[in-house]
Amino acid sequence: MIEVRFHGRGGQGAVTSAELMALAAIEEGKFAQAFPSFGPERRGAPVQAFLRISEEPIRLREKIYEPDVVLVLDPSLLATGGVKNGLKPGGTLVANSSKDVTEVRGECGFNGRTAVVDASKIAEEELGVPITNTTMLGALLKAAGLIDLASIKAPLDHRFGKIAEKNWNALNRAYSETVIEE
Amino acid sequence: MGRRVGLEVSLACAEVVGLCNADVVAAYPITPQTHIVEHLSEMVADGHLDAEFVPVESEHSAMSCCVGSSAAGARTFTSTSSQGLALMHEILFIAASLRLPIVMAVANRSLSGPISIWNDHSDIMAERDIGWIQTFAENGQEVVDLTIHAFKVAEDSRVCLPVAVNLDGFILTHVIEPIELPDKEEVDAYLPAFEPSQSLDTANPISMGIVGMPEIYTEAKKANAVALEDSYEVIKEHWAGMAEKFGRTYKPIETYRTDDADTVFVTMGSLGETTMSAVDQMREDGINVGQVRIRLWRPFPVEDFMEAIAGAKTLIVIDRALSPGLPAGPVATELRGLLYAKGASPYVANFVCGLGGRDVTRAQFIEMYQTAQKAAASGEEMTCQMVGVKE
Numbered sequence: 001m002i003e004v005r006f007h008g009r010g011g012q013g014a015v016t017s018a019e020l021m022a023l024a025a026i027e028e029g030k031f032a033q034a035f036p037s038f039g040p041e042r043r044g045a046p047v048q049a050f051l052r053i054s055e056e057p058i059r060l061r062e063k064i065y066e067p068d069v070v071l072v073l074d075p076s077l078l079a080t081g082g083v084k085n086g087l088k089p090g091g092t093l094v095a096n097s098s099k100d101v102t103e104v105r106g107e108c109g110f111n112g113r114t115a116v117v118d119a120s121k122i123a124e125e126e127l128g129v130p131i132t133n134t135t136m137l138g139a140l141l142k143a144a145g146l147i148d149l150a151s152i153k154a155p156l157d158h159r160f161g162k163i164a165e166k167n168w169n170a171l172n173r174a175y176s177e178t179v180i181e182e
Numbered sequence: 001m002g003r004r005v006g007l008e009v010s011l012a013c014a015e016v017v018g019l020c021n022a023d024v025v026a027a028y029p030i031t032p033q034t035h036i037v038e039h040l041s042e043m044v045a046d047g048h049l050d051a052e053f054v055p056v057e058s059e060h061s062a063m064s065c066c067v068g069s070s071a072a073g074a075r076t077f078t079s080t081s082s083q084g085l086a087l088m089h090e091i092l093f094i095a096a097s098l099r100l101p102i103v104m105a106v107a108n109r110s111l112s113g114p115i116s117i118w119n120d121h122s123d124i125m126a127e128r129d130i131g132w133i134q135t136f137a138e139n140g141q142e143v144v145d146l147t148i149h150a151f152k153v154a155e156d157s158r159v160c161l162p163v164a165v166n167l168d169g170f171i172l173t174h175v176i177e178p179i180e181l182p183d184k185e186e187v188d189a190y191l192p193a194f195e196p197s198q199s200l201d202t203a204n205p206i207s208m209g210i211v212g213m214p215e216i217y218t219e220a221k222k223a224n225a226v227a228l229e230d231s232y233e234v235i236k237e238h239w240a241g242m243a244e245k246f247g248r249t250y251k252p253i254e255t256y257r258t259d260d261a262d263t264v265f266v267t268m269g270s271l272g273e274t275t276m277s278a279v280d281q282m283r284e285d286g287i288n289v290g291q292v293r294i295r296l297w298r299p300f301p302v303e304d305f306m307e308a309i310a311g312a313k314t315l316i317v318i319d320r321a322l323s324p325g326l327p328a329g330p331v332a333t334e335l336r337g338l339l340y341a342k343g344a345s346p347y348v349a350n351f352v353c354g355l356g357g358r359d360v361t362r363a364q365f366i367e368m369y370q371t372a373q374k375a376a377a378s379g380e381e382m383t384c385q386m387v388g389v390k391e
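If you read the protein sequences in the order shown, they are chains A and B.
Quick note, the first sequence lines up with residues 1 to 182 if you use the working numbering.
Quick note, the second sequence lines up with residues 1 to 391 if you use the working numbering.
Mixed in with the good hints, there may be bad ones.
Stated by the list, open to error - With a cut-off of at most 16 Å between alpha-carbon atoms, the simulated EDC-like pairs for lysine to aspartate or glutamate come out as follows: (1) A:Lys153 / A:Glu28; (2) A:Lys166 / A:Glu103; (3) A:Lys84 / A:Glu66; (4) B:Lys313 / B:Asp259; (5) A:Lys30 / B:Asp259; (6) A:Lys63 / B:Asp259; (7) B:Lys390 / B:Asp359; (8) A:Lys63 / B:Glu180.
Derived by calculation from the structure, the hints in this document are not laboratory data.
Based on the provided sequences and hints, a complete structural model is requested.
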């Protein structure tokens with residue numbers, strides 16, 4: 001079982017990211033679970049979302065405390081502490097940042113496997129808005145695999161309709177532009 | 001054979017109410033409402049479900065509207081949680097006493113105050129004695145299956161009682177997971193159209209909900225209680241039918257690794273899955289521990305429960321609600337009474353956890369086990385302990 005914790009700010013779509021991944025994994029025949037950190041929705045406030053993907057049925061209803069992968073949608077969250085909490089030593093940090101891997105590591109204090117992409121820039125250019133949830137899925141798929149890239153297309157189409165293609169383009173651009181250092 | 005989909009559990013619940021051909025959905029459409037009703041209103045508005053959606057001004061009105069529509073012979077559904085269920089309180093008894101087969105999904109949540117929208121069982125534990133059949137779902141699949149089963153049981157002419165399907169707020173309602181949604185034809189074959197034995201009809205007028213003078217009130221209540229007790233066999237019968245039609249087996253009480261277990265956790269609702277994982281972890285360390293899950297809460301399956309815990313020396317009863325002023329939670333209180341009546345005397349350790357959305361982890365189950373073992377070894381009575389309280 002792979003456990004992923006998403007860090008974003010209210011309105012950035014962290015919950016949607018986790019949901020799209022779960023839907024794609026289930027469509028592949030896997031078992032998956034996606035859920036938000038429950039609470040009143042507050043735009044701009046730090047939020048978390050959780051994702052489990054497994055080949056076996058998942059029998060757990062607790063939050064994720066020791067993730068295999070942490071995904072950070074908002075660059076400003078990197079330095080505030082907390083994103084690396086519980087992240088397994090052999091785990092992967094996937095971050096949205098205009099900085100390079102060394103600087104990102106310095107900001108968040110995690111020195112393990114790190115993947116970085118400037119998702120805010122890609123989202124601005126491809127979608128016209130700095131909402132990075134779908135863009136960051138490209139980075140997540142590049143860095144952690146989890147499911148086939150193609151599997152995310154159908155849930156994306158279903159969720160975004162007319163603007164699905166733009167999101168798909170942003171996701172693919174992030175997939176190719178993500179820099180990973182072991 | 002149905003289809004396997006990834007779906008938020010609330011939406012799956014709404015979809016299955018649609019598959020069950022509900023005629024009327026009456027619900028209060030804002031907090032503490034769930035996505036269940038939101039999605040049902042979409043289904044009706046989009047023409048996917050041919051039903052009357054009544055967005056009433058309060059939950060008191062929601063249940064009143066359900067009483068009216070069910071009395072008129074309509075297959076009736078509603079959903080609520082928390083303060084909403086509390087506001088329905090007085091009408092819940094009426095629905096049961098009028099023998100109306102209303103089905104309600106209760107997304108279990110805490111009661112204020114302090115104001116809380118999060119999960120626990122405070123809402124339903126305050127409604128234990130409403131005279132409804134009450135089941136608890138452990139995951140999204142159970143929500144789907146128990147909802148279909150609820151209509152089948154409620155409308156059975158041998159039962160004619162309302163059914164509450166409990167699913168944990170947020171922990172189930174807001175989670176996307178794989179769910180097998182049955183085909184329409186399969187549901188239709190299992191659940192034929194509702195044919196009430198009597199209903200409000202202007203051509204053949206009858207009275208419902210009349211005064212019960214002291215000469216008749218006791219007998220009416222007795223008849224109601226007997227009906228609820230007798231529903232047990234029908235509930236099991238329709239679970240057997242469900243196993244045949246849908247291939248999934250349900251029992252009033254489920255056991256997990258209890259065969260040689262000295263200590264048994266007793267849980268209800270979604271906590272069951274985390275408990276199972278904790279049990280697996282402890283088993284790996286050579287600890288003989290098992291788990292019993294209460295799926296049918298009313299009518300309480302006494303014999304099934306006694307059989308399930310027969311070999312256990314210690315029971316660890318998990319409560320998700322408080323009974324202030326009594327040194328035990330509501331579930332433990334009931335089970336202690338039952339054990340005493342049956343002359344059984346396992347050591348009962350009682351913990352209250354997961355109040356108001358507090359996460360409950362595998363590690364905490366292991367801690368509960370250790371605390372219970374120590375207490376049992378000391379032989380002294382253990383009062384209810386709250387887990388994870390910040391002192």
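Status of the hints after comparison with the structure:
{"no.": "1", "hint": "A:Lys153 / A:Glu28", "in the structure": "holds (12 Å)"}
{"no.": "2", "hint": "A:Lys166 / A:Glu103", "in the structure": "violated (30 Å)"}
{"no.": "3", "hint": "A:Lys84 / A:Glu66", "in the structure": "holds (10 Å)"}
{"no.": "4", "hint": "B:Lys313 / B:Asp259", "in the structure": "holds (12 Å)"}
{"no.": "5", "hint": "A:Lys30 / B:Asp259", "in the structure": "violated (31 Å)"}
{"no.": "6", "hint": "A:Lys63 / B:Asp259", "in the structure": "violated (30 Å)"}
{"no.": "7", "hint": "B:Lys390 / B:Asp359", "in the structure": "holds (13 Å)"}
{"no.": "8", "hint": "A:Lys63 / B:Glu180", "in the structure": "violated (24 Å)"}
When the structure is compared with the earlier hints, violations turn up for hints 2, 5, 6, 8 and for no others.
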